[in-house]
Structures are given as structure tokens and as C-alpha cells.
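Just so you know, the sequences run in chain order A and B.
Position 61 of the first sequence, counting from 1, maps to 66 under the numbering used here, and the rest follow consecutively.
Position 217 of the second sequence, counting from 1, maps to 218 under the numbering used here, and the rest follow consecutively.
If you're looking for bench data, these hints aren't it; they were derived computationally from the structure.
Quick caveat: nothing in here was measured; it's all calculated off a predicted structure.
Mixed in with the good hints there might be a few duds.
Covered stretches of chain B (in silico footprint by chain A; criterion: 3 or more residues with CB under 8 angstroms from a CB of chain A, positions within the stretch not fixed) [as the list claims (entries may be wrong)]: (1) 82-93; (2) 106-117; (3) 188-200; (4) 239-252; (5) 272-282; (6) 288-295.
Ideal placement from N, C-alpha and C gives every residue a C-beta, glycine not left out.
Listed below, chain by chain, are the residues.
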Amino acid sequence: MAPGALYLAIFFLIPIGYMFYTSLQSGFIGDFHFNWHFANYADAIKLHGNIYVRSLVYAGIVTLLALMLAYPVAYWIAFYGGRRKSVFLFLLLLPFFVSFIIRTVQWQFLLKDDGLILGPLKSIGLLPENYHVLGTSVAVIAGITYNFLPFTALPLYVALERIDKRLVEAGKDLYASRFTTFRKVVWPLALPGVFAAFLLTFVPAVGDYVNASILGGPGNTMIGNVIQSEFLTNFNYPLAAAMSFILMAALLVGATIYARVLGTEDVTAGAASG
Amino acid sequence: MSTTPNFSAAIGSTVNEITDATSPPPKTPSNKRWTRFILPTYTTLFILYLIVPIAVMIVFAFNTPAGRYNIKWEHASLDAWRDLFSFPDLSSSLKLTLEVAFLATILSTILGTFIGLSLGRYRFRGAGAMNFVIFLAIASPEIVLGSSLLTMFVNARVPQGFITILLAHTMFCISFVAITVRARVAGMDRSLEEAAGDLGADPRTTFFKVTLPLILPGVIAGGLLAFALSIDDYVITNFVAGSKTTFPLWVFGATRQGIPVQVNVMGTLLFAFGILIVVGQLAASRARARGDAKRLAQDKARLVPAQTS
């Protein structure tokens with residue numbers, strides 16, 4: 006194990022240390038030095054606090070939508086997929102066989118003002134001529150939801166699949182209605198899967214900036230867009246590192262509490278089946 | 002795909018009764034028969050929704066646009082398939098992506114397999130910490146992984162390019178290989194290794210003749226996952242690529258003007274390639290399972306008369 010552990014230490018843990026170190030530097034572009042410059046954190050919040058909030062709100066809506074959309078599917082496949090379970094799972098995973106960027110570009114293409122979806126609706130008069138989807142928060146939220154749906158569905162499926170089906174029969178034998186059986190047996194037993202799905206959807210959704218860049222407009226900027234441009238366009242490494250560190254700290258505190266309370270098994274099991 | 006579910010014998014008939022546990026209880030028997038189809042129909046629509054952009058990509062791979070970009074449907078042809086490499090920088094970005102993916106898969110599969118093996122079979126000091134680090138690496142947003150690597154490379158004055166892309170890809174692939182192998186090891190029959198030891202095999206022989214063949218499906222699955230993650234990565238690569246351009250980076254850069262048809266063709270080829278590999282894998286494991294069952298039946302047939310006599 007040692008070489009792999011060492012590798013993760015060098016290229017995962019130490020970089021986070023470097024990011025913290027960079028976030029406390031100040032100076033001019035190309036000539037930053039370390040001087041405990043905590044003001045970078047205050048600047049990050051002051052300048053971009055509203056964008057952090059927007060990213061959290063978008064990700065929250067995405068996660069709720071994705072959970073509601075994916076739960077019935079995961080439930081049906083887990084309980085009624087029969088011998089075709091693996092076929093259905095395979096179909097759920099199909100988007101992973103196409104590059105994330107290409108999938109998003111196809112949505113951009115489909116949602117264009119005169120594209121395959123809006124064009125016909127406009128020409129038959131169902132939508133006004135100036136109606137548009139691209140460049141709105143709807144497009145960004147829909148894009149992120151689409152892209153992360155399989156990440157939501159898989160941990161739900163894993164948790165639902167694990168339920169001993171005899172417990173459901175027992176519920177029925179005890180004269181529980183189907184709804185009561187679901188509420189009192191299936192839902193609580195699969196709850197760890199809901200939490201795992203939440204984590205695996207919410208965290209990447211907060212940090213995503215590909216959907217906002219391709220499908221969104223200037224009013225839909227997410228925190229990832231800002232971090233990316235501060236790093237790669239403005240070369241303002243200290244501010245960018247502080248921003249990235251805030252994002253990581255917020256999400257990792259949540260993830261760590263999650264791991265302490267619920268353990269890491271459901272998340273890694275959900276990710277492994279992908 | 003059929004919307005009428007084939008309720009297999011594996012699931013008891015009783016379970017069928019709760020088909021629509023999420024919908025309100027039916028009032029009449031005819032209503033009940035109708036609600037049976039809600040979930041299968043919904044699942045079909047859901048899967049169709051997932052497939053929509055893939056279908057658009059494939060259909061427009063056969064487009065013959067008037068200009069350079071794939072904006073409007075003109076007529077079908079194989080032009081872009083014949084001139085697949087007519088954009089030299091696109092072709093070289095695909096080549097770079099495949100090179101990185103190949104090397105990152107090998108490196109991460111070796112490193113991740115040993116992590117997965119140790120986590121799956123030994124209880125040791127630090128196992129909890131290792132599990133937690135893997136969990137964090139999977140649960141961290143990509144932008145954090147990419148930007149923290151960039152700060153390290155900048156502070157350590159490491160020039161960015163092929164090597165930094167490879168190092169980054171190997172890093173994020175390791176955890177996925179490790180959990181895939183760990184799952185396989187956890188389900189492995191440990192007594193087989195003990196039997197090899199009892200029969201006088203040294204640890205090395207036991208590993209190569211018993212352990213490795215047993216965990217191989219997990220290792221292959223982990224490697225395929227690593228390859229898929231590597232060719233698809235945009236965010237982390239964007240931070241550590243320097244002046245290099247991988248396939249996802251090229252496509253992202255092109256979104257402003259429009260995407261040439263060649264991108265659709267390459268996406269379609271990668272898609273078909275991925276499907277072929279996975280279907281081949283599934284068929285191979287089915288065949289293996291059938292072979293095992295047959296051998297087991299033969300062994301039983303041989304043993305049963307021996308026991309009765």
C-alpha cells in the first residue's frame with residue numbers, strides 16, 4: 006500500500022497545504038511572498054460572497070431535483086429490474102461514455118434560441134419569439150442536474166438494492182399499506198443512500214463551472230468560474246487560493262461530519278459501482 | 002426497451018404488489034392495473050432523457066455543414082469520418098488525451114490495486130486514515146484538486162505540461178481503482194489463499210497464482226474506470242496543463258465559435274469503443290461464470306456417486 010499512500014499524500018494532501026500557504030501570500034503578480042496575509046480571505050468574501058451564495062443555492066436546487074428525479078428510477082430498478090438490472094444500470098451509465106464537455110455542448114446546441122427544441126415551439130407560436138433558455142439560471146441548473154444525475158442514481162440504487170426484500174413482504178403480512186411499507190421500511194433503510202447521493206451530487210455541483218460557462222450568461226457565474234479566472238486569467242494566485250480554500254473548507258467540513266456520523270462506505274460503494 | 006417489466010422469478014410475487022409504493026393507493030382494481038405502468042414508463046423516459054445529448058452527438062456526426070461548424074443540419078454524409086484528422090490541433094489533442102489516459106491507467110491501477118488489497122484484507126493502524134483520505138479525494142470538488150495542484154506546481158516551480166497532467170490524472174484515478182479493488186477483495190474467499198499456503202506455496206506464488214487471478218476482475222474494472230475518468234477530465238487538466246491542450250480542453254475552447262463535425266465523430270468513436278469494451282467485459286464474465294457453474298456441476302457429478310457408494 007505504501008507507494009499508493011505516498012502518492013496520494015504528495016499529490017492530494019501536500020497540495021492542499023500549498024494552497025493554504027499560497028492563500029496567505031501577498032505582493033504583485035509574478036512576485037508573491039508569504040506574510041500571513043489573511044486579508045485575502047476577507048477580500049474573497051467581500052468581493053465574491055454573493056457568488057458563493059449563488060453556487061450553494063444552485064447546487065441545492067440541483068441536488069433536490071436530482072434526488073426527486075432519480076429516486077423512483079433507482080427504486081424501480083432495485084425492486085423490479087429482475088434479471089435485467091444490469092442492463093438498466095448500464096443504460097443509466099451511458100452518459101459516462103461521452104465526454105462531459107461534449108454532453109454539455111450538445112445541450113447548448115439543443116437549447117439554442119432557434120435550436121431543435123425552442124425553434125419548433127416558437128414557430129407554432131407556443132413560445133414568444135424572444136424567449137430564450139441559454140444564459141439563464143434555468144439552463145445552468147438543468148445542465149448541472151443532467152450531468153450529475155447518474156451520480157445521484159447510483160448510490161440510491163446501491164442502498165435500495167441491499168434491502169432484504171423479505172422485510173417488505175413482512176410489512177405486507179402485517180397489513181401495512183403499500184405506502185406505509187414504503188415509508189416505514191424502504192425509506193428508512195435506504196436513507197444512507199439518500200445521504201450518499203446528496204454528497205456525491207451537491208459537492209461537485211457547488212464547484213462546477215463548466216455548465217455555467219457553456220450554458221449560462223454573465224448573471225449565472227458560479228464560484229468555480231471566478232476561481233478559475235483568478236488562477237488562469239488574472240494569475241492572482243493568493244486571492245484565488247483563498248477562494249478555493251474557502252470552498253474546500255466549507256464542503257470538507259460538511260463531508261467530514263458526514264463521514265463521522267454515517268461512515269464512508271455508502272459513498273465509496275456508490276462511486277465504485279460507477 | 003420494453004415498458005412492460007419482465008418480473009423475474011427471482012423476485013417474489015408478493016413484492017410485485019408494491020409496484021407503486023410512491024403513488025397514492027389505488028381505489029379500483031382497474032386503476033391499480035393502470036398505475037402499474039407508472040414507474041416503468043417513468044424509468045424509460047428518464048433513460049431517454051439521459052440519452053438525448055448522446056443521440057444528438059451521433060446524428061450530427063453524419064452532418065455535412067456548409068461552413069466549418071456543426072450548427073445546422075444540412076444533409077447526411079461521411080465527409081467528417083473521411084477527413085477525421087483535418088484539424089491538426091484537434092487530432093494532436095486527442096492523441097495527447099489517449100497517451101495520458103493510457104499511462105495514467107497503468108500507474109493508477111498498480112498503485113490503487115495495492116491500496117485496495119491492503120484495505121480489503123488487513124486491519125492495520127492507519128487503515129481508517131487511508132479510507133478517509135480516499136473518501137476525501139473522491140468527495141472533493143475537482144476545482145479544489147486542480148487548483149491545489151497548481152499552487153504546488155507554481156510554488157515548487159515545476160513547469161506545467163505532459164508530466165503534470167499525468168501526475169494529476171494518476172492522483173485522481175488511484176482512489177477509484179482502490180475502492181473498486183477493495184470491494185472485490187472484501188468479497189474474496191480468504192481460505193483459498195490459506196489453502197495455497199498450506200500446500201507449500203510461498204507468498205509470492207500465492208499472490209500471482211491465487212490472489213491476483215481472484216481480484217483480477219476488480220483490477221480490470223478499476224483500470225477501465227481510470228481510463229474513462231482520465232479521457233473525460235476537463236477541470237483538473239485545465240489547471241495543470243500549462244500550454245498543452247487535451248481533447249476536452251480543445252472542445253471547451255471551441256465552444257465559443259462552434260464545434261466542427263470531427264468532434265462529434267471522435268466523441269462517437271470513443272463512445273462506441275467504450276461500449277464495446279464494457280459489453281466484452283460483461284460477456285467474458287458471464288462466460289466465466291457459466292464455465293465455473295459447469296465445472297462445479299461436473300465435480301458434483303463425479304463426487305455424488307463416490308459418496309453414495
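Comparing the hints with the structure gives:
no.: 1; hint: 82-93; verdict: violated (count 0)
no.: 2; hint: 106-117; verdict: holds (count 4)
no.: 3; hint: 188-200; verdict: violated (count 0)
no.: 4; hint: 239-252; verdict: holds (count 5)
no.: 5; hint: 272-282; verdict: holds (count 4)
no.: 6; hint: 288-295; verdict: violated (count 0)
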